[in-house]
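Chemist: Given next are the chains, with one letter for each unit.
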Amino acid sequence: MTTKEDYAREKKVKVSVTDLTKCYDELLVLDDINFDIYDGEMLCIVGPTGCGKTTFLNTLARFIPATKGEILVDGVPSNPRCHNIAFVFQEISSVPWLSVEDNIRFGLKIKKLPADEIERRVEAMLELVGLKPFRRNFPQELSSSMEQRVVIARNFALNPDLLLMDEPYGQLDIKLRYYLEDELIRIWNELKSTVLFVTHNIEEAVYLGQRILVLSNKPAKIKEEIIVDLPRPRKFDDPAFVKIREHVTESIRWW
Amino acid sequence: MSTAAILKKNSKLFLPVLSMSIFLAIWQVLHWIIGGEFLPSPYQVYLEAMRMFSIKIGGNSVWMHIYYSLRRVILAYLLGAATGLPLGMYMGWNRTFDKVVKPVFEVLRPIPPIAWIPIAILWFGIGEGPKIFICYVGAFVIFVLNSYTGMRYTDPLLIAAARTYGATRRQQLFNVAIPASMPSVFAGVQNALSMSWMCVLAAELVGAREGVGYLIIQGMDMYKPPMIMVGMIIIGIIGASLAVILRRFERVVCPWRRDLT
Amino acid sequence: MAQRPNIKIECRNVSKSFVTEQYTINVLDDISLQVEENEFLVVLGPGQSGKTTLLNCMAGIIMPDAGQILLDGKTITGPGPDRGVVFQQYALFPWKTVMDNVSFGLYIKGVGKSKRNEVAQKYIDLVGLQGFETSYPHQLSGGMKQRVGLARAWANGPEVLLMDEPFGALDAQTRYAMEKETLSIWEKDKRTVVFVTNNVEEAIYLGDRVIVLSCMPGRIKSQYPIDIPKPREYTDPRFLEMRRKISDDTELSL
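The listed protein sequences correspond, in order, to chains A, B and C. Quick note: to get my numbering, add 9 to the position in the first sequence (first position is 1). Quick note: to get my numbering, add 190 to the position in the second sequence (first position is 1). Quick note: to get my numbering, add 49 to the position in the third sequence (first position is 1).
Quick caveat, the hints were computed from the structure, so don't treat them as lab data. Backbone N, C-alpha and C define an ideal beta-carbon position, used for all residues, glycine too. A portion of the hints provided could be inaccurate.
Stated by the list, open to error - EDC-like, lysine to aspartate or glutamate: derived pairs with alpha carbons at most 16 Å apart:
no., chain 1, residue 1, chain 2, residue 2
1, A, LYS13, A, GLU234
2, A, LYS244, C, ASP285
3, A, LYS184, C, GLU300
4, A, LYS244, C, ASP297
5, C, LYS294, A, ASP246
6, A, LYS252, C, ASP285
7, C, LYS294, A, ASP247
8, C, LYS164, C, ASP149
9, A, LYS77, A, ASP28
10, A, LYS184, C, ASP297
11, A, LYS23, A, ASP48
12, A, LYS252, C, GLU282
13, A, LYS184, C, ASP298
14, A, LYS244, C, GLU290
Unchecked claim - Quick list of simulated restraints, FRET-style, between CB atoms:
no., chain 1, residue 1, chain 2, residue 2, range
15, B, GLU296, A, ASP111, 34 to 42 Å
16, B, ARG441, C, ASP297, 55 to 63 Å
17, C, ASP297, B, GLN361, 42 to 50 Å
18, A, PRO105, C, LYS270, 33 to 41 Å
19, C, GLU182, B, TYR236, 53 to 61 Å
20, B, MET210, C, PHE67, 56 to 64 Å
21, A, ASN43, B, LEU436, 49 to 57 Å
22, A, ARG195, B, LEU436, 53 to 61 Å
23, C, ASP114, A, ASN93, 50 to 58 Å
24, C, ASP298, A, PHE115, 38 to 46 Å
25, A, ASN43, B, ARG441, 41 to 49 Å
Only chain A is shown next, with the shape it has when bound in the complex (with noise of 0.2 Å):
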């Protein structure tokens, strides 16, 4: 079992989040929360139903401001415009009169990089989403899977500083989950890049993540921090797969 030292000596810190705090008029729902993301890592967070994990999602992507605290990417504030903090939501939000490569180009305009690099960044992820055969196409026209992967290439075409995940399968039927997650990892390998997955489903989370936070309930904190160090591809009938998982149930079971 690795611990937490040997699991952070070869890494570096990406983002580094300190004292955030977040109180709605008299409700504490973030309490003093403080925890380092690694460059290229891929991180889950889960916690009991209700325990704030949105408000948490929302606070770390600026939309709303914290009441306190800081958010260091690369060691500076976190500045929407010079860092790339992508965002996958829970309800599919492709653009639907966009047709498949131009929502894909469609936060690149955004971020006004020069149209060659566009072009190559779209292809790249086409082929790596395997849409390129559907690539004119609206969204409205795929299945609900292949929607998701639409807004998936989106977010990973931009190199995002982060990628923040806030359960983005919790409808799907299980057999599409577990093939979306081989896919997430799929590209997560490829790019290296540095992914937030928040879910409930916490044999997704052991699936995924290389490190699990455990949040408690309202207010909520960092209860507890677990290294899963299984080989991929994980299998969740290995008896160290489903050690972790209890694990973890364990864990959010006793606020």
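Fit chains B and C to the given chain A structure using the hints.
Modeler: What follows is chains B and C alone, placed relative to chain A:
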């Protein structure tokens, strides 16, 4: 307490008061720019209002005029509800009936209530009749449309659910479709009232001896712009008050509508 | 000699297609199955496998193109209180309180107010919603809404309970809690259940028998009796073995 804190505490009152003050200020400035004959100042209108409320115009006090207008509206409105709601609901519920009635309705609908004035006078003479009829037409169309939409677009899942409990067609109608169409009906209830109120003014402008429309005509005949404006302001205030009353009423009748609270 | 089991509800050669201008989809293709009395049957299938269509046919909400569905040996012709349905989108009546929702079926049957409130209360307590009798659906969370849905269907005393991916819209942890609760209610108030889902774990946790449907055309691919005693543990080795077997057998619908 700091100014900011005091402001925050009374914020519900503060913003409307602020916007009213800005409105009055702009009015005053325009009065200076445009000139007294075309646009009386807020103060002149206020004085005129005080005068009007203390005398009788055309044999009736201002309150009586308001009463006459309101009476016409409410009668027409209730008639419109009593005829329009059942018709619209039945059209929405029964496809065959819908197919038969719809074409006729679609042709009559775009005719504005005002266009009915001449024929209303022909049918009902000059008196209460045409005025109530005009308001009725306005309200009726809205009641039909809204109850129809509410009924037609009842969530089919809820009807399916009721069927699985063995509800007969009649039970589905009264226990699911009608309650489900209430929000749409209520939107209609509010719109129909605004429409009726607007129609009564139009009807009164064409030959009336009492009513708020009559006040405005008097103001025009006597060349008293402040009087016209007082009439308009009365219309606005009553229209707004009616809307508020209805919204309160809806909150009581439809407590499950979270978007109202 | 074992007693011949009593068949509660059965499908005989049920087929259903959806026809458009460009193509015809065989959503259900010659499905035949039998459900024993008080059996908890799970129908498992991926996204577009027609399992909801099958359930809707059994509920009588839609009619099959071919074949019949029989309840206690009699062909069904439409929906009715003998087959209760729990919907994925809850289908609660938003203008009714929890109590009125749960007692709806009894109200339609013409049961008197005090009697139906008494029965409804029993089921409200059973799903753990005591104290919420006068709440409206919009005031409840997803999990609570579905508990009302469960109570409503159960309170009407149907012969068969048809559940259409009832926990599909809930998050993973609430889902586990609801599965546990469904099982405990079923143990206390045994009934024939046909439960439709796309989640293998859920299928194995709940079902006495799991039927796997294939996708387009929708056919019965395989059947798995689950012999693990209830209540089951998701991480029990036998459970995981079953899960591996069934998972490998289900199709992937992209």
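Chemist: Against this structure, judge whether each hint is valid.
Modeler: Results of checking the hints against the structure:
1. A:LYS13 <-> A:GLU234: Measuring from Cα to Cα gives roughly 8 Å; hence the hint holds.
2. A:LYS244 <-> C:ASP285: holds, 15 Å
3. A:LYS184 <-> C:GLU300: With a Cα-Cα distance of about 8 Å, the restraint between A:LYS184 and C:GLU300 holds, given a limit of 16 Å.
4. A:LYS244 <-> C:ASP297: holds, 12 Å
5. C:LYS294 <-> A:ASP246: holds, 11 Å
6. A:LYS252 <-> C:ASP285: holds, 11 Å
7. C:LYS294 <-> A:ASP247: holds, 14 Å
8. C:LYS164 <-> C:ASP149: Since the Cα atoms of C:LYS164 and C:ASP149 sit roughly 13 Å apart, the hinted pair holds (cutoff 16 Å).
9. A:LYS77 <-> A:ASP28: Answer holds: A:LYS77 to A:ASP28 is near 7 Å, not above 16 Å.
10. A:LYS184 <-> C:ASP297: holds, 9 Å
11. A:LYS23 <-> A:ASP48: Given pair A:LYS23, A:ASP48 holds - Cα atoms ~5 Å apart, limit 16 Å.
12. A:LYS252 <-> C:GLU282: Measuring from Cα to Cα gives roughly 13 Å; hence the hint holds.
13. A:LYS184 <-> C:ASP298: Holds, at about 11 Å.
14. A:LYS244 <-> C:GLU290: holds, 12 Å
15. B:GLU296 <-> A:ASP111: 34 to 42 Å: holds, 40 Å
16. B:ARG441 <-> C:ASP297: 55 to 63 Å: Once the Cβ atoms are compared, 56 Å apart, the range 55 to 63 Å for C:ASP297 and B:ARG441 holds.
17. C:ASP297 <-> B:GLN361: 42 to 50 Å: holds, 48 Å
18. A:PRO105 <-> C:LYS270: 33 to 41 Å: holds, 35 Å
19. C:GLU182 <-> B:TYR236: 53 to 61 Å: holds, 55 Å
20. B:MET210 <-> C:PHE67: 56 to 64 Å: Holds, since B:MET210 and C:PHE67 (Cβ atoms, about 59 Å apart) stay within the stated range.
21. A:ASN43 <-> B:LEU436: 49 to 57 Å: Check passed, 53 Å falls within 49 to 57 Å.
22. A:ARG195 <-> B:LEU436: 53 to 61 Å: holds, 59 Å
23. C:ASP114 <-> A:ASN93: 50 to 58 Å: holds, 53 Å
24. C:ASP298 <-> A:PHE115: 38 to 46 Å: holds, 40 Å
25. A:ASN43 <-> B:ARG441: 41 to 49 Å: holds, 46 Å
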